[in-house]
Amino acid sequence: MNAIEVNQLTKIYKTSKKNIEVTALNNFSLIVKKGEIFGLLGPNGAGKTTLIKILLGIVFPTSGSATILGSPISDFRIKQKIGFLPENHKFPNYLTAEQTLKYFAQLSNVEIKNVGLQIDKLLELVKMTKWKKTKISKFSKGMMQRLGLAQAMMNNPELIFLDEPTDGVDPIGRKEIRDVLNDLKNSGTTIFLNSHLLSEVELVSDRVAIMNSGKLLKEGTVEDLTTSKESYIIETASNFDNNLLLESFDNISIKLDPANKLNVNVKDNLELNFVIDKIRKAGVNIKTISIQKHSLEELFMSLINDERRGEK
Amino acid sequence: MKNIYTISLLTFREALSKKIFLFFFSVSTFVILVFALLFGFVSAESFSGGFVNASTTSFDNSIANGIKMFIIYPLYAGGLFLSIFSVAGFIPTLLEKGNIDLILSKPVSRPQVILGKFFGGTFMVFSNIFYAIFMLWILIGIKFSVWEANFLLSAFTITLAFASIYSIIILVGILSKSSTFSLVISYMIFFIFSPILSSRDTIFAFIDSGFWKTLFEMLYYIIPQTSDLSTITTSFAVGNSVENFDSIIFSIVYIILILLGAIFIFRKKDY
Ligand SMILES: Nc1ncnc2c1ncn2[C@@H]1O[C@H](COP(=O)(O)OP(=O)(O)OP(=O)(O)O)[C@@H](O)[C@H]1O
Ligand SMILES: [Mg+2]
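Protein chains in written order, with my numbering: chain Z, 345 to 656; chain P, 83 to 353.
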């Protein structure tokens, strides 16, 4: 059983005032396995939040189907096992941090053995113990976000949805949140993460998907998406006459960056060795050869840009 | 059932957090204390204002009734005014982005959310009104030895009047997401439409147009008849016999229908 199965979901929002239709999801399919941290990436308005909302029964799909933890999304009882941190969440502001957690624990309809202990544990985890008895109307954005995260964990969920969890959190806080997520994962929780903070997603996710305009553009492990087998970096020890060098490489694309690193794009191993031979023949010493890693950000940019060009 | 209970409880808490219910409670307490002091210092006979030796029991009775009316009217108008004011924001607050998402992500169904909100708010108002009436009933009982249980029933009819307006507030809140709008509609119903429609028989004497008559008839059944309920309430209060329970039954049916409508709309909405 997969944690999430999304089957050709389409969501068309109809705005009541004007007759404008927005296709937020377009035949979107996805599978999230149990126990992984899955990152969903996409620019603003891509449809990330819409997908989560459909999975949680907050928004209804126009067509298609989905299951969470093996149950169809129309079954509200399955949500006992689910945690959710919405983007820009609002808690009743007359409550304290402690009362907020209690409030949502009550709503999640789960017998929590010792609510008091659970609250203390979670507040400790998100570093909010100090503020236990403080009214949340006095909280900063980052504090709200931490409390929101604790809230999402109150019922010890099997699957947890986080919509921009690090929004408004400082760098140290982000690191702490990443640690929390890794702990969660190690305890067997499946985590579904929405973000446009690519570097962050890259750091925690096992698998990611990139979407834009309601469509899935690419999906895979971070490793798969960021390494490209045909691209190498050759670091040379000394300067050389790059004009001469570059002329002799026929069709192979080679770029030299200021740090004496050559970015080489080759078809296969043979071509790579051909390039190495040429460089050696020119009397240049090679220090290292490595597979080029694109950051997720570069991939993201190029995918989204391709898409946008395609639309025009 | 448990979910509805939980949400009612949380709604009750939300209501408690609003200063206005506290204000309501304080005013009731203040009035009760004033009566208690008054009863403590002044003998039952002095309420007669000089009449002596009239048949004491019937006399006590009418004084007791006077006091009851003195409390029932403000409680009905003022109490409901405050209650409506304080619950008008419940649904719009619930539907705020970032809040409704969270609520709906919990293992509760949408009908349960609405019913929980309804019962929580209604119970809050009921406890406030019952508190005032019950305390007064005790005081009057002790002072005049008039123990008419019917007086207590008026707490239920006042609550029923509240509940029928609250159901409209819920419906309008879901449709408009605006507490101001809900408030305006509720007050218009409570203070303008309902009193007018309640006296439609009188008005019919002045109009011949069939169209207007039908319109009035229709509105009468669309708009909660809080004014009819106020008549029953006063009857209960002063111990008059009540033979016609139509408006009570009508209100209950009305509330059920409006809530069903609200749930029907709420069930299919995206948030
Ligand atoms: N309730 C709604 N009614 C109409 N259109 C909506 C509604 N909610 C979202 N949309 C539209 O659907 C599209 C997808 O929105 P969504 O919130 O899912 O994007 P997102 O990927 O979460 O963006 P962000 O990164 O900014 O949070 C957007 O074009 C948005 O305008
Ligand atoms: Mg979003």
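One should not assume that every hint holds.
Said to hold, decoys possible - In the SDA-like style, the derived pairs of lysine to any residue whose C-alpha atoms are separated by at most 25 Å in a straight line are:
{"id": "1", "chain 1": "Z", "residue 1": "Lys358", "chain 2": "P", "residue 2": "Leu265"}
{"id": "2", "chain 1": "P", "residue 1": "Lys351", "chain 2": "Z", "residue 2": "Lys637"}
{"id": "3", "chain 1": "Z", "residue 1": "Lys637", "chain 2": "Z", "residue 2": "Gly532"}
{"id": "4", "chain 1": "Z", "residue 1": "Lys625", "chain 2": "Z", "residue 2": "Ile648"}
{"id": "5", "chain 1": "P", "residue 1": "Lys179", "chain 2": "Z", "residue 2": "Glu431"}
{"id": "6", "chain 1": "P", "residue 1": "Lys179", "chain 2": "Z", "residue 2": "Phe420"}
{"id": "7", "chain 1": "Z", "residue 1": "Lys434", "chain 2": "P", "residue 2": "Leu265"}
{"id": "8", "chain 1": "P", "residue 1": "Lys351", "chain 2": "Z", "residue 2": "Lys625"}
{"id": "9", "chain 1": "Z", "residue 1": "Lys377", "chain 2": "Z", "residue 2": "Asn437"}
{"id": "10", "chain 1": "P", "residue 1": "Lys351", "chain 2": "Z", "residue 2": "Asn370"}
Claimed, not checked - Facing chain P, from chain Z, some residues (calculated, C-beta under 7 Å):
{"id": "11", "residue": "His433"}
{"id": "12", "residue": "Asn458"}
{"id": "13", "residue": "Val459"}
To be verified - Label pairs and their computed distance ranges (CB to CB):
{"id": "14", "chain 1": "P", "residue 1": "Leu297", "chain 2": "Z", "residue 2": "Ser409", "range": "42 to 50 Å"}
{"id": "15", "chain 1": "Z", "residue 1": "Ser531", "chain 2": "P", "residue 2": "Lys84", "range": "21 to 29 Å"}
{"id": "16", "chain 1": "P", "residue 1": "Lys350", "chain 2": "Z", "residue 2": "Lys559", "range": "23 to 31 Å"}
{"id": "17", "chain 1": "Z", "residue 1": "His540", "chain 2": "P", "residue 2": "Met270", "range": "25 to 33 Å"}
{"id": "18", "chain 1": "P", "residue 1": "Ser108", "chain 2": "Z", "residue 2": "Thr440", "range": "21 to 29 Å"}
{"id": "19", "chain 1": "P", "residue 1": "Val266", "chain 2": "Z", "residue 2": "Lys378", "range": "45 to 53 Å"}
{"id": "20", "chain 1": "Z", "residue 1": "Ser360", "chain 2": "P", "residue 2": "Val266", "range": "43 to 51 Å"}
{"id": "21", "chain 1": "Z", "residue 1": "Ser415", "chain 2": "P", "residue 2": "Arg95", "range": "41 to 49 Å"}
{"id": "22", "chain 1": "Z", "residue 1": "Thr440", "chain 2": "P", "residue 2": "Phe112", "range": "29 to 37 Å"}
{"id": "23", "chain 1": "P", "residue 1": "Leu91", "chain 2": "Z", "residue 2": "Asp527", "range": "54 to 62 Å"}
{"id": "24", "chain 1": "Z", "residue 1": "Ser360", "chain 2": "P", "residue 2": "Met270", "range": "22 to 30 Å"}
{"id": "25", "chain 1": "Z", "residue 1": "Gly408", "chain 2": "P", "residue 2": "Leu91", "range": "30 to 38 Å"}
{"id": "26", "chain 1": "P", "residue 1": "Phe286", "chain 2": "Z", "residue 2": "Ser415", "range": "38 to 46 Å"}
Hints listed in this document are in silico derivations from the structure and should not be mistaken for laboratory results. Backbone N, C-alpha and C define an ideal beta-carbon position, used for all residues, glycine too.
Consistency of the hints with the structure:
no.: 1; hint: Lys358(Z) with Leu265(P); verdict: violated, 28 Å
no.: 2; hint: Lys351(P) with Lys637(Z); verdict: violated, 45 Å
no.: 3; hint: Lys637(Z) with Gly532(Z); verdict: violated, 29 Å
no.: 4; hint: Lys625(Z) with Ile648(Z); verdict: violated, 41 Å
no.: 5; hint: Lys179(P) with Glu431(Z); verdict: holds, 9 Å
no.: 6; hint: Lys179(P) with Phe420(Z); verdict: holds, 20 Å
no.: 7; hint: Lys434(Z) with Leu265(P); verdict: holds, 23 Å
no.: 8; hint: Lys351(P) with Lys625(Z); verdict: violated, 71 Å
no.: 9; hint: Lys377(Z) with Asn437(Z); verdict: violated, 36 Å
no.: 10; hint: Lys351(P) with Asn370(Z); verdict: holds, 20 Å
no.: 11; hint: His433; verdict: holds, 4 Å
no.: 12; hint: Asn458; verdict: violated, 19 Å
no.: 13; hint: Val459; verdict: violated, 14 Å
no.: 14; hint: Leu297(P) with Ser409(Z): 42 to 50 Å; verdict: holds, 47 Å
no.: 15; hint: Ser531(Z) with Lys84(P): 21 to 29 Å; verdict: holds, 28 Å
no.: 16; hint: Lys350(P) with Lys559(Z): 23 to 31 Å; verdict: holds, 26 Å
no.: 17; hint: His540(Z) with Met270(P): 25 to 33 Å; verdict: violated, 46 Å
no.: 18; hint: Ser108(P) with Thr440(Z): 21 to 29 Å; verdict: holds, 24 Å
no.: 19; hint: Val266(P) with Lys378(Z): 45 to 53 Å; verdict: holds, 51 Å
no.: 20; hint: Ser360(Z) with Val266(P): 43 to 51 Å; verdict: violated, 21 Å
no.: 21; hint: Ser415(Z) with Arg95(P): 41 to 49 Å; verdict: violated, 31 Å
no.: 22; hint: Thr440(Z) with Phe112(P): 29 to 37 Å; verdict: holds, 30 Å
no.: 23; hint: Leu91(P) with Asp527(Z): 54 to 62 Å; verdict: violated, 33 Å
no.: 24; hint: Ser360(Z) with Met270(P): 22 to 30 Å; verdict: holds, 24 Å
no.: 25; hint: Gly408(Z) with Leu91(P): 30 to 38 Å; verdict: holds, 37 Å
no.: 26; hint: Phe286(P) with Ser415(Z): 38 to 46 Å; verdict: violated, 58 Å
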